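Residue numbers (the UniProt record's numbering), protein chains in the order written: chain A, 1 to 119; chain B, 1 to 119.
Misleading hints may appear alongside valid ones.
Identical chains share a label here; the pair holds if one copy fits it or two copies do between them.
[Stated by the list, open to error] Here are the simulated EDC-like cross-link-like pairs (lysine to aspartate or glutamate), alpha carbons at most 20 angstroms apart as the crow flies:
(1) K102 to E31
(2) K102 to D67
(3) K76 to E20
(4) K65 to D33
(5) K102 to E20
(6) K64 to E31
(7) K90 to E45
(8) K36 to E66
(9) K102 to D63
(10) K102 to D33
(11) K90 to E48
(12) K11 to E48
Don't read these hints as lab results, they were simulated from the structure. None of these values were measured; they are calculated from a predicted model.
Spelled out, the chains give:
Protein chains: 2
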Amino acid sequence: MGEFKHLVIVKFKADVVVEEILTGLEKLVAEIDAVKSYEWGQDLESQEMLTQGFTHAILMTFDKKEDYTLFLSHPKHAEFSGTFSTVIEKIVLLDFPATLVKPPPPPPPPPAAEVKAEV
Amino acid sequence: MGEFKHLVIVKFKADVVVEEILTGLEKLVAEIDAVKSYEWGQDLESQEMLTQGFTHAILMTFDKKEDYTLFLSHPKHAEFSGTFSTVIEKIVLLDFPATLVKPPPPPPPPPAAEVKAEV
Numbered sequence: 001m002g003e004f005k006h007l008v009i010v011k012f013k014a015d016v017v018v019e020e021i022l023t024g025l026e027k028l029v030a031e032i033d034a035v036k037s038y039e040w041g042q043d044l045e046s047q048e049m050l051t052q053g054f055t056h057a058i059l060m061t062f063d064k065k066e067d068y069t070l071f072l073s074h075p076k077h078a079e080f081s082g083t084f085s086t087v088i089e090k091i092v093l094l095d096f097p098a099t100l101v102k103p104p105p106p107p108p109p110p111p112a113a114e115v116k117a118e119v
Numbered sequence: 001m002g003e004f005k006h007l008v009i010v011k012f013k014a015d016v017v018v019e020e021i022l023t024g025l026e027k028l029v030a031e032i033d034a035v036k037s038y039e040w041g042q043d044l045e046s047q048e049m050l051t052q053g054f055t056h057a058i059l060m061t062f063d064k065k066e067d068y069t070l071f072l073s074h075p076k077h078a079e080f081s082g083t084f085s086t087v088i089e090k091i092v093l094l095d096f097p098a099t100l101v102k103p104p105p106p107p108p109p110p111p112a113a114e115v116k117a118e119v
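Turn these sequences into a full structure, and let the hints steer you where they fit.
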């Protein structure tokens, strides 16, 4: 089984301090072990026709769907969601098992000198 | 600098054979080296209020923005986009440098026996 992803794309209300929200998210995922990894980004291109006004993507990865369920039911998540729902103008959520079609290349092997040092 | 992501969320037209589109995408990313990795998923929850009718997420990762630009200008991409644009009911694209806040844990080290075998 592959990983399970929680994808949120969002447009924040005009008067929102986005940095505060992002800091809150950072704290949230640090506190919940079930979240395997988390990354976010802000669209650079800003072509309204393509982004439909959405500005930020939030992407969390879980080892399996059960970990996502744990995350959803965590008290800290409920608390954060309460705040989050007040700052968004629009939002789309997609939750899905990820199919990794083209995996990233493996990291390069360590230099030979390092391998010897471990022997 | 972190990676650059190309995120597409989409709702296909009702009569579209989605598998054919996904096969086309698989072929596309296999042919273009600039695409570092590619994964996709179909939302499982199907809560219209949350997904807004979007069903699929398509996520490509590039080492840097320049690689994404190479991808965009690749003749195969132009060809695929022409087809893709005919099968979608609605779409959002977000292109962004990814901020990796919580990296995935490193893979476990190889068993000691394997390390010895390399000496």
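Structure-based check of all given hints:
1. K102 to E31: between (31 angstroms within a copy, 11 angstroms between copies)
2. K102 to D67: between (24 angstroms within a copy, 16 angstroms between copies)
3. K76 to E20: Answer is within; shortest intra-copy Cα gap is 16 angstroms, inter-copy 41 angstroms.
4. K65 to D33: within (14 angstroms within a copy, 31 angstroms between copies)
5. K102 to E20: This pair counts as between: shortest inter-copy Cα distance 17 angstroms, intra-copy 35 angstroms.
6. K64 to E31: within (18 angstroms within a copy, 30 angstroms between copies)
7. K90 to E45: Answer is both; intra-copy 19 angstroms and inter-copy 19 angstroms each pass.
8. K36 to E66: within (12 angstroms within a copy, 28 angstroms between copies)
9. K102 to D63: both (18 angstroms within a copy, 14 angstroms between copies)
10. K102 to D33: between (27 angstroms within a copy, 11 angstroms between copies)
11. K90 to E48: Both: 14 angstroms inside a chain and 14 angstroms across chains, each within 20 angstroms.
12. K11 to E48: both (12 angstroms within a copy, 18 angstroms between copies)
In the structure shown, no violation is registered for any of the earlier numbered hints.
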